[in-house]
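These protein sequence lines are chains H and G, in that order. Mapped onto our numbering, the consecutive letters of the first sequence carry residue numbers 1 to 197. Mapped onto our numbering, the consecutive letters of the second sequence carry residue numbers 198 to 571.
Derived from the structure by calculation, the hints contain no laboratory data. Please note that a few of the clues may not be correct.
Pairs of lysine-lysine residues, derived as DSBU-like cross-links and limited to a Cα-Cα distance of at most 35 Å, are as follows [claimed, not checked]: (1) H:Lys-23 <-> G:Lys-382; (2) G:Lys-529 <-> H:Lys-31; (3) H:Lys-78 <-> G:Lys-283; (4) H:Lys-171 <-> G:Lys-382; (5) G:Lys-455 <-> H:Lys-118; (6) H:Lys-78 <-> G:Lys-352; (7) G:Lys-338 <-> H:Lys-78; (8) H:Lys-118 <-> G:Lys-245; (9) H:Lys-160 <-> G:Lys-246; (10) H:Lys-118 <-> G:Lys-562; (11) H:Lys-31 <-> G:Lys-562; (12) G:Lys-528 <-> H:Lys-171; (13) H:Lys-31 <-> H:Lys-78; (14) G:Lys-553 <-> H:Lys-78; (15) H:Lys-31 <-> G:Lys-553; (16) G:Lys-396 <-> H:Lys-78; (17) G:Lys-382 <-> G:Lys-245; (18) G:Lys-356 <-> H:Lys-78; (19) H:Lys-78 <-> G:Lys-239; (20) G:Lys-245 <-> H:Lys-78.
The calculated label-pair distances, taken between Cβ atoms and stated as ranges, are [to be verified]: (21) G:Glu-305 <-> H:Leu-112: 32 to 40 Å; (22) H:Asn-2 <-> G:Pro-415: 50 to 58 Å; (23) H:Ala-82 <-> G:Asn-502: 39 to 47 Å; (24) G:Gln-341 <-> H:Gln-28: 37 to 45 Å; (25) G:Gln-521 <-> H:Pro-174: 50 to 58 Å; (26) H:Ile-26 <-> G:Ser-333: 40 to 48 Å; (27) G:Lys-528 <-> H:Ser-158: 29 to 37 Å; (28) G:Gly-237 <-> H:Pro-174: 32 to 40 Å; (29) H:Leu-112 <-> G:Glu-216: 52 to 60 Å; (30) H:Pro-111 <-> G:Phe-494: 22 to 30 Å; (31) G:Trp-340 <-> H:Ile-159: 22 to 30 Å; (32) H:Cys-168 <-> G:Ser-288: 54 to 62 Å; (33) H:Pro-111 <-> G:His-473: 51 to 59 Å.
On the chain H side, residues computed to face chain G include the following (Cβ under 10 Å) [claimed, not checked]: (34) Leu-19; (35) Glu-38; (36) Leu-54; (37) Gln-57; (38) Gly-71; (39) Asn-109; (40) Pro-111.
Please read all numbers here as calculations on a predicted model, not as lab measurements. Even glycine gets a Cβ: it sits at the ideal position worked out from N, Cα and C.
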Amino acid sequence: MNVMIIGGFLGSGKTTLLLNVVKKMIAQSKKIAVVENEIGEIGIDGNYLKKEGLTVQELFGGCICCTLTAGLIETLQKIETAYHPDLVIIEATGAARPGDIVTTLHDDNCPLRFESIKVVTVVDVTRYEMLIQVMEPLLTGQIQRADIVAVNKIDEASIKQIDRIIECIAKLNPSAAIVAMSAEEEVYTLNPFMELL
Amino acid sequence: MRSETMTSKERLECAINLEKPDRVPIAILGNTSAMAGLVGEKYWEVVKKGYIAQFETELKFFDTYGGWDGVHAPLTSEIYYLGGLKVNPPSEASPEIQILEEELATVEDYEIIAEDGMNLFIVEHLIERAYGKDTSGKYLKIWQDTLVALSRSLKEYGKRGAHFIFPVLLTHPFFKLSLTRSMIKFTEDLYFRPELVEKALQKMTDELIQTYSSMADPNVYLTMGLVEERAGGFFYPMHIFERFWWPYTKQIINAFWKKGIKIWLHLDTCWDKNMHYFKDLPRGSTIIDLDGTTNIFSAKEQLRNHLAISSDVHPALMSLGKPQEVEAYCKKLIDDVGDDGGLVLCTGCCLPVATKKENFEAMLKTGKTYELSK
Ligand SMILES: Nc1nc2c(ncn2[C@@H]2O[C@H](COP(=O)(O)OP(=O)(O)OP(=O)(O)O)[C@@H](O)[C@H]2O)c(=O)[nH]1
Ligand SMILES: [Mg+2]
Numbered sequence: 001m002n003v004m005i006i007g008g009f010l011g012s013g014k015t016t017l018l019l020n021v022v023k024k025m026i027a028q029s030k031k032i033a034v035v036e037n038e039i040g041e042i043g044i045d046g047n048y049l050k051k052e053g054l055t056v057q058e059l060f061g062g063c064i065c066c067t068l069t070a071g072l073i074e075t076l077q078k079i080e081t082a083y084h085p086d087l088v089i090i091e092a093t094g095a096a097r098p099g100d101i102v103t104t105l106h107d108d109n110c111p112l113r114f115e116s117i118k119v120v121t122v123v124d125v126t127r128y129e130m131l132i133q134v135m136e137p138l139l140t141g142q143i144q145r146a147d148i149v150a151v152n153k154i155d156e157a158s159i160k161q162i163d164r165i166i167e168c169i170a171k172l173n174p175s176a177a178i179v180a181m182s183a184e185e186e187v188y189t190l191n192p193f194m195e196l197l
Numbered sequence: 198m199r200s201e202t203m204t205s206k207e208r209l210e211c212a213i214n215l216e217k218p219d220r221v222p223i224a225i226l227g228n229t230s231a232m233a234g235l236v237g238e239k240y241w242e243v244v245k246k247g248y249i250a251q252f253e254t255e256l257k258f259f260d261t262y263g264g265w266d267g268v269h270a271p272l273t274s275e276i277y278y279l280g281g282l283k284v285n286p287p288s289e290a291s292p293e294i295q296i297l298e299e300e301l302a303t304v305e306d307y308e309i310i311a312e313d314g315m316n317l318f319i320v321e322h323l324i325e326r327a328y329g330k331d332t333s334g335k336y337l338k339i340w341q342d343t344l345v346a347l348s349r350s351l352k353e354y355g356k357r358g359a360h361f362i363f364p365v366l367l368t369h370p371f372f373k374l375s376l377t378r379s380m381i382k383f384t385e386d387l388y389f390r391p392e393l394v395e396k397a398l399q400k401m402t403d404e405l406i407q408t409y410s411s412m413a414d415p416n417v418y419l420t421m422g423l424v425e426e427r428a429g430g431f432f433y434p435m436h437i438f439e440r441f442w443w444p445y446t447k448q449i450i451n452a453f454w455k456k457g458i459k460i461w462l463h464l465d466t467c468w469d470k471n472m473h474y475f476k477d478l479p480r481g482s483t484i485i486d487l488d489g490t491t492n493i494f495s496a497k498e499q500l501r502n503h504l505a506i507s508s509d510v511h512p513a514l515m516s517l518g519k520p521q522e523v524e525a526y527c528k529k530l531i532d533d534v535g536d537d538g539g540l541v542l543c544t545g546c547c548l549p550v551a552t553k554k555e556n557f558e559a560m561l562k563t564g565k566t567y568e569l570s571k
């Protein structure tokens, strides 16, 4: 099974990015399943996705620690048996660290085997400098285990601000690829995301 | 094999007071949804029958597995309703109780909460925003049912020799504001309008102490529950913790402590960075309840002979592990965290819906027999 985890703080643009990646994958005739784990209302238009032939599973559970283990693995097992997708995209809740999901999936007790698990962390460039002051541990934790950090909402920021933030992120995670983008206005290249897979 | 020499209450009290009981006390925390699954009931069907039916399910769960020491009042969807929190109605596809977090309170509401308190705010605004106008007297009915269920569960669990670890699981003011404003908005408020947040936090702290410390009777309950899922070092840096959480927490714990009640402090996510603060609390005043993500062994070394710990047979182990692993982990907890007492063997966070029956049985069996067989 191939998995892409899209993480990043609440409202950073995870669902918007996910939709764009999915569209592109479908255009390449790939079979995709999506797992949505949000603490609020599901941010995705399920009907739209289903019309596109997509499988969407909602992942619920009291709190993060409970949801991220059994619930997730059970959901992935169901998806694997029923659909054999080429790729499963998991949208993590904005309150979780995507790296913890990787740990769960690599646990000895996880009955599934994965060909690849990749992490994309979305950062809201307009809120980053405020959030890093009040919520540094979570933000840092989300960035540190990412393969790609997507610096999103550049349509609302100055070049200077974007550069500053990219510099900070590069220090936090020197091995990640950093992509500046506007998921909303579809201003970016999806190539790094596709190459990741 | 030695036999038991203490009642559940004595055993819990002994562990909480940092002494060594006849064997480790066992407490189980969980939403009714998980308990229903473990007795073969479909929670989404039980829910339709109301609060009392859910309480019956919990009792059946207790009896089916032969009981344990520490129990609590049912944590059902109705409890979240009373708190003005929106929850997803449990269904076959998602049997767990799921809070749907929305921005139910606005920035302007901080002043109202600071003036009137959270209790009134819930009744006058929050429930309506989450569920629409209550035209059928639903709110009153749920209150009545919870009171009936509480007194019945006291009686029924009492007959079975079990003891209440808490009659009510109070939500920490910080967590409550985060839930009602939504995590993202609340986090912004901490940055942009900290004084407003502080005003509301102080009012809610005073209110919580006033409302519940008079209700708590140390002859009936040893402890009162307090839950915080978001203030720990997993999310927030220490300057936020020190300003918006720790002072209010100390006020609450000290106020109950003066009345002879200890706080069962349910802490979700990783609190490693915060653990040393708890050494400042009065000895024996608090039970630190961890969810499996905090390093419990390091917590023990820091809090040894100062505060009891309850935990942490965690959700991953309960749902994905094997019974031998559960047994081995419980033994490790008993040997390393409970060596000098001060341990309540408890679920980490709470029982997950996907708990395997044989794992749950392994936890109970190890807790009940391991030390006595030594
Ligand atoms: N200006 C701007 N807004 C964006 C961009 N991407 C997303 N948004 C907006 O940001 C908001 C949140 O986007 P989502 O994609 O729902 O974010 P999310 O991370 O999935 O949010 P949660 O799942 O609630 O944590 C929405 O109002 C989007 O329209 C962007 O590139 N530029
Ligand atoms: Mg989303």
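Tested hints:
no. : hint                                : verdict
1   : H:Lys-23 <-> G:Lys-382              : holds, 31 Å
2   : G:Lys-529 <-> H:Lys-31              : violated, 45 Å
3   : H:Lys-78 <-> G:Lys-283              : holds, 28 Å
4   : H:Lys-171 <-> G:Lys-382             : holds, 27 Å
5   : G:Lys-455 <-> H:Lys-118             : violated, 52 Å
6   : H:Lys-78 <-> G:Lys-352              : violated, 42 Å
7   : G:Lys-338 <-> H:Lys-78              : violated, 39 Å
8   : H:Lys-118 <-> G:Lys-245             : violated, 41 Å
9   : H:Lys-160 <-> G:Lys-246             : violated, 59 Å
10  : H:Lys-118 <-> G:Lys-562             : violated, 40 Å
11  : H:Lys-31 <-> G:Lys-562              : violated, 46 Å
12  : G:Lys-528 <-> H:Lys-171             : violated, 42 Å
13  : H:Lys-31 <-> H:Lys-78               : holds, 15 Å
14  : G:Lys-553 <-> H:Lys-78              : holds, 17 Å
15  : H:Lys-31 <-> G:Lys-553              : holds, 32 Å
16  : G:Lys-396 <-> H:Lys-78              : violated, 48 Å
17  : G:Lys-382 <-> G:Lys-245             : holds, 33 Å
18  : G:Lys-356 <-> H:Lys-78              : violated, 43 Å
19  : H:Lys-78 <-> G:Lys-239              : holds, 19 Å
20  : G:Lys-245 <-> H:Lys-78              : holds, 27 Å
21  : G:Glu-305 <-> H:Leu-112: 32 to 40 Å : violated, 48 Å
22  : H:Asn-2 <-> G:Pro-415: 50 to 58 Å   : holds, 57 Å
23  : H:Ala-82 <-> G:Asn-502: 39 to 47 Å  : violated, 53 Å
24  : G:Gln-341 <-> H:Gln-28: 37 to 45 Å  : violated, 59 Å
25  : G:Gln-521 <-> H:Pro-174: 50 to 58 Å : violated, 41 Å
26  : H:Ile-26 <-> G:Ser-333: 40 to 48 Å  : holds, 46 Å
27  : G:Lys-528 <-> H:Ser-158: 29 to 37 Å : violated, 59 Å
28  : G:Gly-237 <-> H:Pro-174: 32 to 40 Å : violated, 52 Å
29  : H:Leu-112 <-> G:Glu-216: 52 to 60 Å : violated, 45 Å
30  : H:Pro-111 <-> G:Phe-494: 22 to 30 Å : holds, 28 Å
31  : G:Trp-340 <-> H:Ile-159: 22 to 30 Å : violated, 57 Å
32  : H:Cys-168 <-> G:Ser-288: 54 to 62 Å : violated, 43 Å
33  : H:Pro-111 <-> G:His-473: 51 to 59 Å : violated, 39 Å
34  : Leu-19                              : violated, 20 Å
35  : Glu-38                              : holds, 9 Å
36  : Leu-54                              : violated, 17 Å
37  : Gln-57                              : holds, 9 Å
38  : Gly-71                              : holds, 7 Å
39  : Asn-109                             : holds, 4 Å
40  : Pro-111                             : holds, 8 Å
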